[in-house]
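Asks: With the hints as extra help, turn the sequences into a complete structure.
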Amino acid sequence: MTKDIDTIISLEHFLPYQLYVTSNNLSGFFSDAYKDKFALSITQWRIMAVLREIPDSSADEVSLKTHIEKSILSRAISKLLQRNLIQRVFSQQDKRRSMLSLTSTGIDVYNDIVPLSVQYEKDILNCFSESEKNQFSTLLNTLYQHTEKLKNTP
727 MTKDIDTIIS LEHFLPYQLY VTSNNLSGFF SDAYKDKFAL SITQWRIMAV LREIPDSSAD
787 EVSLKTHIEK SILSRAISKL LQRNLIQRVF SQQDKRRSML SLTSTGIDVY NDIVPLSVQY
847 EKDILNCFSE SEKNQFSTLL NTLYQHTEKL KNTP
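Converting from the sequence shown to our numbering requires adding 726 to each position, the first position being numbered 1.
Any given hint might turn out to be false.
What the hints assert, rightly or not - Heads up, simulated DSSO-like pairs for lysine-lysine below, C-alpha to C-alpha not over 30 angstroms straight-line:
#, residue 1, residue 2
1, K848, K761
2, K791, K805
3, K848, K763
4, K791, K821
5, K791, K763
6, K791, K877
7, K859, K877
8, K877, K729
9, K763, K805
10, K875, K859
11, K821, K796
12, K805, K821
13, K848, K791
14, K875, K791
15, K763, K859
16, K791, K859
17, K877, K796
18, K791, K761
19, K848, K859
20, K763, K796
21, K875, K796
22, K761, K805
23, K761, K796
24, K859, K761
Claimed, not checked - Cβ-Cβ distance ranges computed for the label pairs, FRET-style:
#, residue 1, residue 2, range
25, T879, S857, 27 to 35 angstroms
26, K761, E858, 25 to 33 angstroms
27, A759, L865, 22 to 30 angstroms
28, P781, Y846, 21 to 29 angstroms
29, F862, S817, 36 to 44 angstroms
30, S824, K761, 23 to 31 angstroms
Since the hints were made in silico from the structure, they are not lab data.
Where a beta carbon is used, it is the ideal one built from N, C-alpha and C, also for glycine.
Replies: Written out as structure tokens, the structure reads:
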């Protein structure tokens, strides 16, 4: 028996859908720029950004910071290693543990990307006033923190 529900969801006004589509749009624009100019995926760029911010990070630490699934992260790390954009150093105490960091080539590529990324962010946010940008950032951070709590609640 089908239960009749009075509520009809309009996807265009449904927050999870709006965030999903917006995220896809932003990722698509960014992905094209990274792929065309630097032959990098968004995942690879995010790994590089973390390693520039927090050098000598383990893959697990990068995964936690980026929210990238470990199998996807592992493939991206392999490609970055092959291109000599990052390096892996194994711990002397525990050979199973390794630390990742950007190579000098990786730092050069990172430094080439950052101005484009900053400009890209400015272009995206130019539809907001300064006050709205601050408010949007605060609201987005609040929503992020709340969803992290919900995700970790049984």
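Asks: Next, verify each hint and record whether it holds.
Replies: Hint check results:
1. K848 / K761: Status holds; Cα separation ~20 angstroms.
2. K791 / K805: Satisfied, since the Cα-Cα distance of roughly 19 angstroms is no more than 30 angstroms.
3. K848 / K763: Distance of about 19 angstroms is within 30 angstroms: holds.
4. K791 / K821: Holds: K791 and K821 sit about 23 angstroms apart, inside 30 angstroms.
5. K791 / K763: holds, 25 angstroms
6. K791 / K877: Roughly 16 angstroms separates the two Cα atoms, so the pair holds.
7. K859 / K877: holds, 26 angstroms
8. K877 / K729: holds, 29 angstroms
9. K763 / K805: holds, 16 angstroms
10. K875 / K859: Satisfied, since the Cα-Cα distance of roughly 24 angstroms is no more than 30 angstroms.
11. K821 / K796: Within the cut-off at roughly 19 angstroms; holds.
12. K805 / K821: holds, 22 angstroms
13. K848 / K791: Within the cut-off at roughly 23 angstroms; holds.
14. K875 / K791: With a Cα-Cα distance of about 16 angstroms, the restraint between K875 and K791 holds, given a limit of 30 angstroms.
15. K763 / K859: holds, 29 angstroms
16. K791 / K859: holds, 24 angstroms
17. K877 / K796: Given that 30 angstroms is the threshold and the Cα spacing comes to 18 angstroms, the pair holds.
18. K791 / K761: holds, 22 angstroms
19. K848 / K859: Since the Cα atoms of K848 and K859 sit roughly 10 angstroms apart, the hinted pair holds (cutoff 30 angstroms).
20. K763 / K796: Judged against 30 angstroms, a Cα distance of about 26 angstroms means the pair holds.
21. K875 / K796: Cα-Cα ~21 angstroms, so holds.
22. K761 / K805: OK: K761 and K805 at ~13 angstroms, within 30 angstroms.
23. K761 / K796: Distance of about 22 angstroms is within 30 angstroms: holds.
24. K859 / K761: holds, 28 angstroms
25. T879 / S857: 27 to 35 angstroms: For S857 against T879, whose Cβ atoms are near 33 angstroms apart, the range 27 to 35 angstroms holds.
26. K761 / E858: 25 to 33 angstroms: With Cβ atoms ~31 angstroms apart, the hint holds.
27. A759 / L865: 22 to 30 angstroms: holds, 27 angstroms
28. P781 / Y846: 21 to 29 angstroms: holds, 24 angstroms
29. F862 / S817: 36 to 44 angstroms: holds, 41 angstroms
30. S824 / K761: 23 to 31 angstroms: 27 angstroms Cβ-Cβ, so the 23 to 31 angstroms window holds.
Every hint, counting from the list given before, is met by this structure.
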